[in-house]
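Engineer: All chains, please: the whole structure from these sequences, using the hints.
Protein sequence lines correspond, in order, to chains A and B.
Residue 584 is where the first sequence starts when you use the working numbering, and the numbers rise one by one after that.
Residue 848 is where the second sequence starts when you use the working numbering, and the numbers rise one by one after that.
Derived from the structure by calculation, the hints contain no laboratory data.
Derived lysine to aspartate or glutamate pairs resembling EDC-like cross-links, with alpha carbons at most 20 Å apart: (1) B:K857 - B:E891; (2) A:K703 - B:D1141; (3) B:K939 - B:E891; (4) A:K841 - A:D751; (5) B:K1086 - A:E802; (6) B:K857 - B:E1122; (7) A:K703 - B:E1122; (8) A:K703 - B:E1145; (9) B:K877 - A:D639; (10) B:K958 - B:E968; (11) A:K841 - A:E815; (12) A:K741 - B:E1145.
Here chain B is said to cover these stretches of chain A; the calculated rule only asks that three of the stretch's residues, wherever they fall, bring their Cβ under 8 Å from a Cβ of chain B: (13) 666-675; (14) 697-711; (15) 739-751.
Stretch-level coverage of chain B by chain A, calculated; a stretch enters the list once three of its residues show a Cβ under 8 Å from a Cβ in chain A: (16) 1129-1136; (17) 1145-1157.
Keep in mind it's a predicted model, so treat the numbers as computed, not measured.
The beta carbon of each residue, even a glycine, is placed where N, CA and C say it ideally should be.
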Amino acid sequence: MAKLKQDKSHEMGLHEEQLKGRTQQRFFSIDESENLTYFHSFDVDTSKSATIDAQDMTPREINREIRELMEKGIGDITVDNPMSRHGVGVGILNRLNLTFSDSLGYFGCGLIDGPNVHIKGRVGWSCAENMMAGTVVIDGNAGSTFGAAIRGGDLVCKGSVGARTGIDQKGGTIIVGGKTGAFSGFMMQRGRMIILGDAGMNLGDSMYDGTIYVGGEVEELGVDCVPGEMTELDIRYLTEKLGNYDMKAPNGIEKMQKYVSGKTLWNYDNLEPNEKKLIL
Amino acid sequence: MCGIAGIIHKNAGKDVNIGEQMTAMLQALKHRGPDSTGYAMYGEDNGNHIVRFKVAEAADLEGSFDIHAAIEDRIAAVVSRMEDLGAKIVKKENATEYSHRYEIQFSGDMKKLADFVEDIEGVEILSIGNSLELIKDLGDAAEVSEQYGLNSFNGTHGIGHTRMATESDVDIRSAHPYWAYPFSDVSVVHNGQLTNYWTNRRALELKGHRFSSNCDSELIAVYIADRMNQGQDLESAMKDSVEYLDGVFTYLVATRDQLGMAKDVMAAKPMVVYEGDDMIALASEEVAIRTLFDHRIETFDPYHGEVKVWQN
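Structural biologist: What follows is the structure, encoded as structure tokens:
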């Protein structure tokens, strides 16, 4: 069991409240769909395929080529030789099967809403930042700020990731097959994070809401993050979610630890945006 | 922002063209810092000490009518002072009017020699070593490499830097790498900001260390030198530095036969590592490492507070 962080702020009495794990009993639907379709998105046919050789292309040229292929209705695109370039595969707002045959650099697949992306390599910092829906699966490792501010979809790294994974996460699911670095789940607001390996220091620091599952050791919990109680629903959810990506918890799902926010912010609730619209 | 890169070949001889490899990596990092580019590369040790020094800034050549005569006077003074302390100059080269490379035979106190030479106005020693060649100038890697003929430099390892000036001026003095004065063959490159620079600089100056610039990165070189002066090995000194230095940083250190990397406790600055059987390559971005390969590679990000040292 990870220990709660006890630092100077505790000694000074700035964190006197009892952290109770207010959100651990929140129920969610396993079948919930967070995908959206935009009015202006491309109508593509996933049985139509095309390949781009990006060896000598700039990121802008690669992104433009992807867009032009989607305009032609092609729904299955493979990008060869992306050569770890930055900002590739961004801003895709519709269904698309997109495969990168090698590693991407920083900000790969950011601002996407709908595509299913497979990266057969590694990704740099801030992969899938602000992702709204779809799936991004990375075969290798990932850099820091993996899945920063994502709002939906599944972001999966089969290897290990750097620091600040899921910083400002607002929804969706982040799955990490290996380790994650310091400050993962920092200021997490909603969604779920599944770490199958170890987690670095200050896990879930300042999280408002959301759920973090860890299969390995936690170096240290951050302020406001507390252990939660694993329920049948959690186990069903993890079994189904990991099964989707052919991933397994090294010590079994039952032995995973759940972490949630232990503090209520005075102006924060856990209503989803569409639920908020109903009551406003 | 700045970009840093390093490479070390573990099992090869000294005939790998690391100049070309470093240039390729640093040019790929140009977008992280276009102001200046620097190399610290380690080649053949022929028994002589290699002294790299500058006698003016590149910008000085445009700002004064008397600068050319002053440069001549400074070079004469350098030669005179080296010879006064018993150094025998066996080879003189210069890529520019202001940047010089001397090979010397010298068995005396290296710190005294460095201090005596640097006492000449406008003269700064960039490095002293038996295998270290430290080159830095304004411009990108392609320009600096072309200017100094680095694309055919053979050796075992090297580190480099592309600088975006944020804390100090755009000049050679503030460019990286920094030599860990007065330690032969020790150099440092850094990406980040150190927030306890002035406090620690004053403390180290009181201990007799010299700073040639106002760039916070120089603190790392001087700190490592101070620790090694107290008998610490490189890895131990680097581990201590992670606690000692406050701020966000990733830095690389190279010695005659080692390459080290350290990352701050917040893991706030990037570093990507490729660790192969024969070669290790590190850079702020994988896009730099990929310039060395025509196939897919496995890389990873080091974690917070992590220190790694590789031997060639």
